[in-house]
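**Q** Here is what each chain is made of, one letter per residue.
2 protein chains.
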Amino acid sequence: MIGEFDLIKKLIPLLPINEATRIGAGDDCSVLELGIPDRQLIFKTDAVVENVHFTREASWERIGSKAISRCLSDMAAMAGNPISALITLGIPQDFLEEDVLKIYEGLIRRAKTFGVSISGGETVKVEKSVFLSVSMVGWIRKNRLCLRSHVQPGDALFVTGELGGSILGKHLDFVPRVKEAQWLAEHFDIHAMIDLSDGLSGDLRRLIEASGIGVHLLKESIPVSKEAKLLAKERGTHPLNHALNDGEDFELLFAIAPNKSVSVLDAWKETFPGLRLSCIGKAVKEPGVRILSRKNMFLSENANEGILGDNGYDHFK
Amino acid sequence: MIGEFDLIKKLIPLLPINEATRIGAGDDCSVLELGIPDRQLIFKTDAVVENVHFTREASWERIGSKAISRCLSDMAAMAGNPISALITLGIPQDFLEEDVLKIYEGLIRRAKTFGVSISGGETVKVEKSVFLSVSMVGWIRKNRLCLRSHVQPGDALFVTGELGGSILGKHLDFVPRVKEAQWLAEHFDIHAMIDLSDGLSGDLRRLIEASGIGVHLLKESIPVSKEAKLLAKERGTHPLNHALNDGEDFELLFAIAPNKSVSVLDAWKETFPGLRLSCIGKAVKEPGVRILSRKNMFLSENANEGILGDNGYDHFK
Chain A
19 MIGEFDLIKK
29 LIPLLPINEA
39 TRIGAGDDCS
49 VLELGIPDRQ
59 LIFKTDAVVE
69 NVHFTREASW
79 ERIGSKAISR
89 CLSDMAAMAG
99 NPISALITLG
109 IPQDFLEEDV
119 LKIYEGLIRR
129 AKTFGVSISG
139 GETVKVEKSV
149 FLSVSMVGWI
159 RKNRLCLRSH
169 VQPGDALFVT
179 GELGGSILGK
189 HLDFVPRVKE
199 AQWLAEHFDI
209 HAMIDLSDGL
219 SGDLRRLIEA
229 SGIGVHLLKE
239 SIPVSKEAKL
249 LAKERGTHPL
259 NHALNDGEDF
269 ELLFAIAPNK
279 SVSVLDAWKE
289 TFPGLRLSCI
299 GKAVKEPGVR
309 ILSRKNMFLS
319 ENANEGILGD
329 NGYDHFK
Chain B
19 MIGEFDLIKK
29 LIPLLPINEA
39 TRIGAGDDCS
49 VLELGIPDRQ
59 LIFKTDAVVE
69 NVHFTREASW
79 ERIGSKAISR
89 CLSDMAAMAG
99 NPISALITLG
109 IPQDFLEEDV
119 LKIYEGLIRR
129 AKTFGVSISG
139 GETVKVEKSV
149 FLSVSMVGWI
159 RKNRLCLRSH
169 VQPGDALFVT
179 GELGGSILGK
189 HLDFVPRVKE
199 AQWLAEHFDI
209 HAMIDLSDGL
219 SGDLRRLIEA
229 SGIGVHLLKE
239 SIPVSKEAKL
249 LAKERGTHPL
259 NHALNDGEDF
269 ELLFAIAPNK
279 SVSVLDAWKE
289 TFPGLRLSCI
299 GKAVKEPGVR
309 ILSRKNMFLS
319 ENANEGILGD
329 NGYDHFK
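Chains as they are written, first to last, in the working numbering: chain A, 19 to 335; chain B, 19 to 335.
A hint or two may mislead.
Given that identical chains are not distinguished, each listed pair holds provided it fits within a single copy or across any two copies.
Said to hold, decoys possible - BS3-like mimics (lysine-lysine), calculated; alpha carbons at most 30 Å apart, straight line:
id, residue 1, residue 2
1, Lys-120, Lys-28
2, Lys-146, Lys-120
3, Lys-130, Lys-160
4, Lys-197, Lys-300
5, Lys-28, Lys-130
6, Lys-27, Lys-130
7, Lys-143, Lys-120
8, Lys-27, Lys-120
9, Lys-237, Lys-251
10, Lys-130, Lys-197
11, Lys-247, Lys-197
12, Lys-303, Lys-28
13, Lys-303, Lys-237
Hints listed in this document are in silico derivations from the structure and should not be mistaken for laboratory results.
Given these sequences and hints, build the entire structure.
**A** Dropping the structure here:
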């Protein structure tokens, strides 16, 4: 079995780059310099596979919507403006045309909501499991690059929405935080941003590795969703574990200078009254993730051994 | 069973477009206006699937090379300058890491040859057949758009290389005609261009439908490859049928004003002495494809009933 993180580490140094490639593999999107005044191109692809990312219990419309929303969420993580998508659909021989049209209904509805064109694609035959891959281009402002690698020690860490239990439905119906991310980048100096696709613990690890910092999380500040609580009750687990480790929240995690914490919270509440924004902790110089309770009680020294459990959702483990 | 052409016809009118989208679904690449001075972005995705586009008899390096070359060929069809690629690889649970690295060897070698960066990608788990999808962005000059839809009646039709029998090896090892296409667009007013992926007959039909014209082909001018002859001998078929109907030649088919025929042939011979260029016929007002012999003998009135047999390679038939 192949570990996804290990494979990426082996592959990245081998990949060819050229002078147009500003950010290659390893961030939410690649960033290309193509001579657009004041702007750079962002480029992303994301695939969902039957029985890995979805089952046929969900409607094909929701599966289509999920596939394009995942790509939109990656564009959001860069405060990007999504422009156009291409669709690759793999279907078995006996797949019904009406189901292809339903998948496209989901894709099209979501694309329209975000002003994105679907400028092409292809349908290919596969032997068994359906797959749906979305490629997307968009643009960002040159002076407002939100990478994973620019967290500063002392930065406040914020997360949008509520975390955990997305398997109960949110993983299909989440709304990518495109306009929220654009608003953040327009009004504040966002040091770093990432979308939560593999669970807070896994994506925090990516942020930490890319920025060479550590993190102190405040246990009581982590926004635990009611779905995380429901799942914990059903399974006899701890709701916080779901908020930390469940995949596919597709919320934003970002870092900002600590003296901007109050103003970002105030302005956020006025602009997005229906969506929670939580300061969940701060970046520190010492590596690793520590979870502190409100009384500064030390709970776990090492994310890998403590309450974080594992490193988030890894497709190959 | 779903017919690919029929499905595309149903889907295209439903797809959302926006003001950036100059050419959407239906040409070799989509064309986007993103404010690059004198240039437009081209955007393409292409997937190969195990037991459809390749089998494990081929080495993984060749399969990787094929996947990225197909995308490069689509960029060539627009006289495009490929810039960057993203890779989506779907592999079953028991797939070996060393084979992933071999696929990337093939991808990387070809990307380097054409100066293309691989700026990211992902590896996802699938239940059975391996798939490999490549997304690519590039650029074209605004005043040198080579679409499928601009063939004029009277235009001379040219094809590069030799056709048919690619299943014997060329479908894995073909060299995408990127530099040839760029040279053509730079030195001549190319009215229309397409790369031959689904067989001359199938791709001619696309050109004809997009441009609203017909075609007279000169039977003796169609460049039949030695592989087409070999295959015909083995199977008791006619070599011309292979040249007309076999898929995956990945040569260029283009249209040019008839008074430029001699000069394009002369300049081509000097620039690309190792690669054949053939004038295979001309565009006419009357719809359909007619195949004439050198004595102007009428062989077939309708491509669907005559020597063309079928409409090229359709993945779902």
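**Q** Now tell me if each hint is right for this structure.
**A** Hints and how they fare:
Taking identical chains as interchangeable, the C-alpha atoms of Lys-120 and Lys-28 lie at most 30 Å apart only when they sit on different chains, with a minimum of 12 Å there against 39 Å within one chain. In the homo-oligomer, the alpha carbons of Lys-146 and Lys-120 lie at most 30 Å apart both inside one protomer (19 Å) and across protomers (24 Å), since each shortest distance falls under that limit. Taking the shortest alpha-carbon separations for Lys-130 and Lys-160, both the intra-copy value of 26 Å and the inter-copy value of 27 Å come in at or below 30 Å. Only within a single protomer do Lys-197 and Lys-300 lie at most 30 Å apart by alpha-carbon distance; the minimum there is 25 Å, versus 52 Å between protomers.
For a Cα distance limit of 30 Å, the shortest separation of Lys-28 from Lys-130 across copies, 18 Å, qualifies, whereas the shortest one inside one copy, 38 Å, does not. Taking the closest pair of Cα atoms, Lys-27 and Lys-130 come within 30 Å of each other only across two copies (20 Å); inside a single copy the shortest separation is 36 Å, beyond that limit. When the C-alpha separation of Lys-143 and Lys-120 is checked against a cutoff of 30 Å, the pair qualifies both within a copy, at 17 Å, and between copies, at 24 Å. Taking the shortest Cα distances, Lys-27 and Lys-120 sit within 30 Å of each other only across copies (16 Å), while inside one copy they are farther apart (38 Å).
Proximity of Lys-237 to Lys-251 under the C-alpha cut-off of 30 Å is restricted to the intra-copy arrangement: shortest distance 19 Å within a copy versus 75 Å between copies. In this assembly of identical chains, the alpha carbons of Lys-130 and Lys-197 lie at most 30 Å apart only when taken from the same copy (14 Å versus 37 Å across copies). Proximity of Lys-247 to Lys-197 under the C-alpha cut-off of 30 Å is restricted to the intra-copy arrangement: shortest distance 28 Å within a copy versus 59 Å between copies. Taking the shortest Cα distances, Lys-303 and Lys-28 sit within 30 Å of each other inside one copy (27 Å), while across copies they are farther apart (57 Å).
Taking the closest pair of Cα atoms, Lys-303 and Lys-237 come within 30 Å of each other only inside a single copy of the chain (19 Å); across copies the shortest separation is 74 Å, beyond that limit.
Consistency note: the structure conflicts with none of the earlier hints.
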